[in-house]
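Q: Read off the chains here:
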Amino acid sequence: MVRYTIQRIVYMIITLLIIATATFFLMKLLPGSPLQNTERLSPEQQQIILDKYGLNDPLPEQYVNYMVGLAKGDLGLSFQYDNRPVTQILGDRIGPSALLGFQAMVLGTFLGLLIGIIAAIKHNTWLDYGSTFLAVLGISIPSFVFAGLLQYYVGVKLEWLPVALWGEYKHTILPTLALTVFVVATIARFMRTEMLEILNSDYILLAKAKGISQTSTVVKHAVRNALIPIVTILGPMTVGVMTGSLVVERIFAVPGLGEQFVLSINTNDYTVIMGITLFFSALFIGVIFLVDILYGIIDPRIRLAGGKK
Amino acid sequence: MEANKKKLDQLSPELFQPQKASGDESEKISRPSLNFWQDSWIRLRKNKGAIAGIVITAIIIFFALFGPMMNEYKFSDQNIRHAKLPPKIEALSGISWLPFDGKDADGFDVYESRQIKETYWFGTDDLGRDLWTRTWNGTRVSLYIGILAAIIDFIIGISYGGISAYYGGKVDDIMQRIIEILVGIPNLIVVILFILIFEPGIFSITMAMVITGWTGMARIVRGQVLQLKNQEFVLASRTLGATSNRLIFKHLLPNVMGPVIITTMFTVPAAIYTEAFLSFIGLGIAPPRASLGSLVNEGYRSIQSFPHMMLVPSAVISLVILSFNLMADGLRDALDPKMRK
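One line per chain: the protein sequences are A and B, in this order. Using the numbering used here, you'd call the opening residue of the first sequence number 1 and step up by one each time. Using the numbering used here, you'd call the opening residue of the second sequence number 1001 and step up by one each time.
Treat the hints as calculated values from the structure; they're not laboratory data. All figures in this text were calculated on a predicted structure; none of them were measured in a lab. Ideal Cβ positions, reconstructed from N, Cα and C, are used throughout, including at glycine. Some hints here could point you the wrong way.
Unchecked claim - The calculated label-pair distances, taken between Cβ atoms and stated as ranges, are: (1) Gln1227(B) / Tyr11(A): 23 to 29 Å; (2) Gly167(A) / Phe1203(B): 41 to 47 Å; (3) Val1171(B) / Asp57(A): 38 to 44 Å; (4) Ile1211(B) / Pro85(A): 28 to 34 Å; (5) Val219(A) / Asn1071(B): 55 to 61 Å; (6) Tyr203(A) / Pro1254(B): 33 to 39 Å; (7) Asp1173(B) / Asp57(A): 34 to 40 Å; (8) Ile1211(B) / Tyr129(A): 35 to 41 Å.
Said to hold, decoys possible - Covered, in the sense of this in silico footprint (three residues per stretch, anywhere, with C-beta under 8 Å from a C-beta of chain A), are these stretches of chain B: (9) 1266–1278; (10) 1281–1289.
So here's chain A without its partners, still in its complex pose (with noise of 0.2 Å):
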């Protein structure tokens, strides 16, 4: 356990320097400069701008600086925002984006569980195949959609919650209902088959057989060992909330890492792009470094340094 938990990590820190120096050298191959309005600048003032940033430095050097400066946890000054440091703009957006991450998938496993549940015990009934079908649309509607028409039936027309922007609490509760759909859809799906399976395995007849009633064999025998793989799920749902995140925080006006990192797109300000794409590759596999090792802890039948070769 112990040599795959550190072959791992330095699997993980490969990865992370591997993804560093890909966006490191793919940002320099895009147009632009820090540079606005070149015209108006003189040569010397352009010259101490690009000085600033370090620009004028030969490629290596300031691939190594880039390297130096993430490794003390600095990633550079933005090109758009004067001064600010892309770590500031990070630390200054992460909060709502969390918020909403976490809101969206505590509601989401809820609902996920239960539907799957309630799907597997009465399943091939009317029960079952509705929360299928819901599943598979869940799944099916994009998540910027789904953003639109609650923004739209609920923000505009019923005027029940505020369309956009951010403050109040109840700000929250579109943006993460619009976000959690994938969850819902995504557990349900997969607690749905896990229990299914388990239903018909030995031991769930066993237990039937010593007269357990259906409540306790259900929730003490069915939903325990069915909720082991949900762990598994969890690297895709993290992906599928931070994809999500970067649409429906556009749509509600959320100042959050993915409004940002759309903002940084379309306003080429590459060095915030960076940052955020290291910090959402760090999370991913940060996530499905945490869910391997949880597993191998929470499932006793799983050896990982013995089930690897």
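Given chain A's structure and the hints, the job is docking chain B onto it.
A: Here is chain B on its own, set in the frame of chain A:
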């Protein structure tokens, strides 16, 4: 018990005849012999969701191919005087709950007040372009990107996974390490970076999705081939002197086709989704061309006053992804021999 015994006594022995126990009879195959695909087709036909998916997809593909030719407007024709018209279909305008009566969100007949004789079936956008033509043209682009990405994933995935598993050893080791690193990178990020560097267009968007997209397919093919290559029928064929080529194409590939087809079917909606997503954040198809995603994006800007501009392409894209998902789900169940009853 007693009652049953009495009932049994009432039955006369003549009612019973001994079953003929001839060897030929019991060995006879009573069900018609079906190959794998016939068997799967029978299961697929019973799946209502999958059939609905196939029908919807067929309808959408039909409109994507022929829809743009059904009226006289081209997807890039602009007519500012006809801008922002709500949908109107003469034949359906009498049905009040359908939004095709040419009235806007406040129930005001725009066609009449602006004295426009032409009808636009899905309405027009803010430049007066016909949304019917643009929607189906966009569907065409979206489907094209989805299917192209799936085909390229299919080719790369099969070759990479097949080679990795068939040759094994060091080759497999190195090829798997490469995949492990690629899988660790969130693909959305790669896609976005890729498109930032190359101009957004149909080809660059497809390529961006393929760069990381093929890994899933390669892993599935590798797993399947590893499982198959040590089975007896492969050994038998090898003993008879079959070449590597024959083994791969005659014995291994046909047997991995099931999971491969399922994965491909799931790739199509995923690619369509990603393209729509990219278009929505402004990295997709450039105007005047349109995809479903860019149409939703354009429509979203005026959702408050002209909701039809977003609702129409939204409905189509949701239907496309939904029907592909239903089909893929059905195929997954149908191609699984364990489901045979």
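Q: Now tell me, hint by hint, if it's right for this structure.
A: Right, here's what the structure says about each hint:
Gln1227(B) and Tyr11(A) have their C-beta atoms about 26 Å apart, which keeps the hinted 23 to 29 Å range intact. Checked against the hint of 41 to 47 Å, the C-beta distance between Gly167(A) and Phe1203(B) comes to roughly 43 Å, which is consistent with it. Distance hint for Val1171(B) and Asp57(A): a CB-CB separation of about 41 Å, consistent with the stated range 38 to 44 Å. A hinted range of 28 to 34 Å holds for the C-beta pair Ile1211(B) and Pro85(A), which are about 31 Å apart.
Our hint of 55 to 61 Å for Val219(A) and Asn1071(B) holds, since their Cβ atoms are close to 59 Å apart. Between Tyr203(A) and Pro1254(B), the C-beta spacing of about 38 Å keeps the proposed range 33 to 39 Å intact. Checking the proposed 34 to 40 Å range against Asp1173(B) and Asp57(A) shows it holds: the Cβ atoms sit about 39 Å from each other. Between Ile1211(B) and Tyr129(A) the C-beta distance comes to about 38 Å, which sits within the given range of 35 to 41 Å.
Residue count for the region 1266–1278 of chain B with a Cβ under 8 Å from a Cβ of chain A: 4. That meets the three needed, and the coverage hint holds. Three residues within the 8 Å Cβ limit are the bar, and the region 1281–1289 of chain B against chain A gives 3, so the coverage statement holds.
No hint from the list above goes unmet by this structure.
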